[in-house]
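Visitor: Here the protein sequences come in this chain order: A and B. Per our numbering, residue 208 is the first one in the first sequence, and the count goes up by one each step. Per our numbering, residue 409 is the first one in the second sequence, and the count goes up by one each step.
FYI, nobody ran anything at the bench for these hints, they're computed from the structure. One or more hints might be untrue.
[Stated by the list, open to error] Chain B residues, not near chain A, derived (Cβ > 12 Å throughout):
| hint | residue |
| --- | --- |
| 1 | Ile487 |
| 2 | Tyr643 |
| 3 | Ile708 |
[As the list claims (entries may be wrong)] In silico EDC-like cross-links for lysine to aspartate or glutamate, where the CA-CA straight-line distance does not exceed 16 Å:
| hint | chain 1 | residue 1 | chain 2 | residue 2 |
| --- | --- | --- | --- | --- |
| 4 | B | Lys416 | A | Asp344 |
| 5 | B | Lys627 | B | Glu605 |
| 6 | B | Lys661 | B | Asp478 |
| 7 | A | Lys427 | A | Asp374 |
| 8 | A | Lys213 | B | Asp509 |
| 9 | B | Lys556 | A | Asp383 |
No experiment lies behind these values; they were computed from the predicted model shown. Note that CB positions come from ideal geometry on N, CA and C, so glycine has one too.
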Amino acid sequence: MITNNKAFIVVQYVFVFLLIVACIIPFWLLIASSFTPESVLLDSGYSLIPKQITFDTYRYLAAVSDGVARAYLMSVIIAAIGVTTSLVMTTFYAYPLSRKDLPGRNIISFFLFFTMLFNGGLVPTYIVYTRLLNIKDTLWGMIIPSMLMNAFHVIMMRTYITSNISDEIIEAGRIDGASELTCLIRIVIPLCKPIMGTLGLMTFIAYWNNWTNGVYYIQKRTDLLGIQNYMKRVLDSITVLQQQVSKGINVDASQIPSVGIRMALAVVGVLPVLIVYPFFQKSFVKGVTLGSVKG
Amino acid sequence: MKKKKSLKRVLRYWPLYLMLIPGTVYLIINNYIPLFGLLIAFKKVDYSIGILKSPWTGLSNFTYLFATNDAFIMFRNTILYNVVFIILGNLLGFVTAIAMDTIKNKYFKNFSQVIILVPYLLSIIIVTYIVYAFLNPTNGFINNTIIKPLGGKGINWYNEPKPWPFILTIVYLWMSFGYSSILYYSTLIGIDKTFYEAAVVDGAGTWKQIRHVTLPCMKGTIIILLILAIGRICYSDFGLFYQVPMHSGLLYKTTQTIDTFVFRALLEQNNIGRSSAAGFFQSVLGFILVVTSNAIVSKIDKDSALF
Numbered sequence: 208m209i210t211n212n213k214a215f216i217v218v219q220y221v222f223v224f225l226l227i228v229a230c231i232i233p234f235w236l237l238i239a240s241s242f243t244p245e246s247v248l249l250d251s252g253y254s255l256i257p258k259q260i261t262f263d264t265y266r267y268l269a270a271v272s273d274g275v276a277r278a279y280l281m282s283v284i285i286a287a288i289g290v291t292t293s294l295v296m297t298t299f300y301a302y303p304l305s306r307k308d309l310p311g312r313n314i315i316s317f318f319l320f321f322t323m324l325f326n327g328g329l330v331p332t333y334i335v336y337t338r339l340l341n342i343k344d345t346l347w348g349m350i351i352p353s354m355l356m357n358a359f360h361v362i363m364m365r366t367y368i369t370s371n372i373s374d375e376i377i378e379a380g381r382i383d384g385a386s387e388l389t390c391l392i393r394i395v396i397p398l399c400k401p402i403m404g405t406l407g408l409m410t411f412i413a414y415w416n417n418w419t420n421g422v423y424y425i426q427k428r429t430d431l432l433g434i435q436n437y438m439k440r441v442l443d444s445i446t447v448l449q450q451q452v453s454k455g456i457n458v459d460a461s462q463i464p465s466v467g468i469r470m471a472l473a474v475v476g477v478l479p480v481l482i483v484y485p486f487f488q489k490s491f492v493k494g495v496t497l498g499s500v501k502g
Numbered sequence: 409m410k411k412k413k414s415l416k417r418v419l420r421y422w423p424l425y426l427m428l429i430p431g432t433v434y435l436i437i438n439n440y441i442p443l444f445g446l447l448i449a450f451k452k453v454d455y456s457i458g459i460l461k462s463p464w465t466g467l468s469n470f471t472y473l474f475a476t477n478d479a480f481i482m483f484r485n486t487i488l489y490n491v492v493f494i495i496l497g498n499l500l501g502f503v504t505a506i507a508m509d510t511i512k513n514k515y516f517k518n519f520s521q522v523i524i525l526v527p528y529l530l531s532i533i534i535v536t537y538i539v540y541a542f543l544n545p546t547n548g549f550i551n552n553t554i555i556k557p558l559g560g561k562g563i564n565w566y567n568e569p570k571p572w573p574f575i576l577t578i579v580y581l582w583m584s585f586g587y588s589s590i591l592y593y594s595t596l597i598g599i600d601k602t603f604y605e606a607a608v609v610d611g612a613g614t615w616k617q618i619r620h621v622t623l624p625c626m627k628g629t630i631i632i633l634l635i636l637a638i639g640r641i642c643y644s645d646f647g648l649f650y651q652v653p654m655h656s657g658l659l660y661k662t663t664q665t666i667d668t669f670v671f672r673a674l675l676e677q678n679n680i681g682r683s684s685a686a687g688f689f690q691s692v693l694g695f696i697l698v699v700t701s702n703a704i705v706s707k708i709d710k711d712s713a714l715f
C-alpha cells in the first residue's frame, strides 16, 4: 500500500504496538508472579509489578528436581526420537513422491492425501493403539500416535524437492552409477537442508507441546510423562508437587507455596521453546507460510 | 509381452518402493485401520469377546446419544464457537497484516513479527497456567487487581458458565492471531506494487487502495482459509475446551464440544457406545464438509481448490 495519510499510519503503529503489549502482558504476569512471595500473592493477588521479589519458588522447585528434571529429560528424549524418526519417514515418503517417473505415483499420493480428509477420530485410534498394538503405558505411547508422520509435512517436502531440485541432477547421479539411496543421501538431502530445518523445528515444537498422548495412552507409568503432562498434573492438583517438595527437603507440605511455585514451573516449562524460537524465527515463519500453499 | 515390460519397469524402482514402506505402514495403522474402526459406533462393544465378535446393535448407540440433551449442547457449542472463531480470527489476522504492511520502520516490523507468533508457540498447558493466573478466584489478577479496587465482588470464574464464551474466544484469538496474520501478510507482500502505483495515479487514497487493490488480490487466500475452516467446523481444539476451563464440570453448558465429549465418554465414563457414536458423526460430517467445500471452491476458482 502507498499511503501518506498520517492519521492512518499512526493508527496502524498504535494498533500493532497494542497487539505486542497484549502478547507480552500475560507472559509478564506469569513471570512476575513466579517471583512474588506467597504472602503477597495471597494478600493482594497477582500484579504486574510485585511489591517484593523472592526466589523461594525456584528454590523449592529445585528441591523437586527429581520430578521436574525427570519430566524434562523425558520430554527431551521423546522429542529427540520423535523428530529424528519423523524426519526420516517424511523424507523417505516425500522423495519417491517427487519422482515423476515413478509408476503408481498418483495412487501413492492419493493414499497420503486421503488421510488429510478423513480420519477415524479418537475412539477407533485409541482402540487400535491400546488393543491392537498394546502401546499403553510404554514410551511409544508418547511418541507414535498421531505425531510420527504428518501428511502436510510430506507434501511440503515433496513440493520443495520438485521445485528446487531438477530431475537432471538426479538423472545424472543415476547415470554415474549411484543407487537410489545414494542419490537421496548425497544429492537430495543436502539440498533439502532448509526445508528439513523448518519441518524439524515444527515437529520439535509439536512434540515439546504435546500433552494429549500422555493423557490418552499413559495411565500407570507416570514416570514416562513429559514436562507438559507433569505441569498438567501440578495444575490439576498442587498436592502432587507439594508432597514431592516436602519429601525432598523435609518441610511440612502445607508450608510450600502453592501459587508461585506453579507459575515458576510454567516459566521453566516454556523456556526451551522460547530459547529455540528466536534463532529459528525466520525458518518458522517460512514453515507457516509454506504450510498455506497447497501441495 | 507388454505386461512383462511394465513389470520390469516397476521392478526397476524397487528401492523407491522400499523407502515408502515405513510411511505406508504408519498411515495404515494410524489412519486407515481407525477408519474401519468407525463401525464400532454400530456395535455393542464387549471387550471380553473382542471387538470383532461384539454384536451389532444397529442405531441404538445413536438413539441413546440423541436421547439426552448432551448431543444438542455439544453440537451447538462446537459449531457456534467455530463460526465466531472463523469470523473474528480471519478479521483480526487480515487487519493485523495490513497494519504490518503499513509499518515502514524495519526494526519495529521485525520485532512485531517475532512477538506476535509467540503465543502460537505455547502449549495449551502454559496457556491454561496464564489463564489461571488471571482468573484464579482467590488471588487471580482480574478479581484482585481489576474488580476489587473498583468495589466489585470477586467472581468465581470456574463455576460460572456465562463468561466462558467470551473468555474462550479471547484466549483463542490471543493464541492464533499471530499465525493468521503471518499467513495473510505473506500473501500481502506478494501483491505487485505497480497495482498500488497505478491506483495512486488514478487518485485512490488509502481506503480505496485497500478496497480495490488489496482485497481483490487477497480474495483467493481469504476464500481458501474460510472454506478450509468450514470443512473443520465439527472439530474443536480439545485442549482449549478441556484444559483451559480446568475441566470444570459446572461449565459444560458453555465449554462442552464434540471433542471433549468423546474424550470424557471414552476415558472418564468408559462409555464407548455414546463416545463412538459422537465420534462417528464428527468424522463423517467432517469428511462430507471438506469434500463439499472443496467442490465449491473449485467451482469458483479452479486453481484455488485443494484437490
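Visitor: Each hint: holds or not?
Guide: Results of checking the hints against the structure:
1. With a closest Cβ-Cβ approach of about 17 Å to chain A, B/Ile487 is found to remain outside the 12 Å limit, as its non-interface label requires.
2. For B/Tyr643, the condition that its CB be more than 12 Å from all CB atoms of chain A is violated, with the nearest at approximately 9 Å.
3. Every CB of chain A is more than 12 Å from the CB of B/Ile708 (nearest about 15 Å), matching its label as outside the interface.
4. Restraint check for B/Lys416 and A/Asp344: the C-alpha separation of about 46 Å exceeds 16 Å, so the hint is violated.
5. With a C-alpha separation of about 20 Å, the suggested pair B/Lys627 and B/Glu605 falls outside the 16 Å cut-off, and the hint is violated.
6. The straight-line distance between the Cα atoms of B/Lys661 and B/Asp478 is roughly 9 Å, inside the 16 Å bound, and the hint therefore holds.
7. Of the supplied pair hints, the one linking A/Lys427 and A/Asp374 is violated, its CA atoms being roughly 52 Å apart against a limit of 16 Å.
8. Simply put, A/Lys213 and B/Asp509 have alpha-carbon atoms about 15 Å apart, close enough for the 16 Å limit, and the pair holds.
9. For the proposed pair B/Lys556 and A/Asp383, the alpha carbon gap of about 78 Å is over 16 Å, so the pair is violated.
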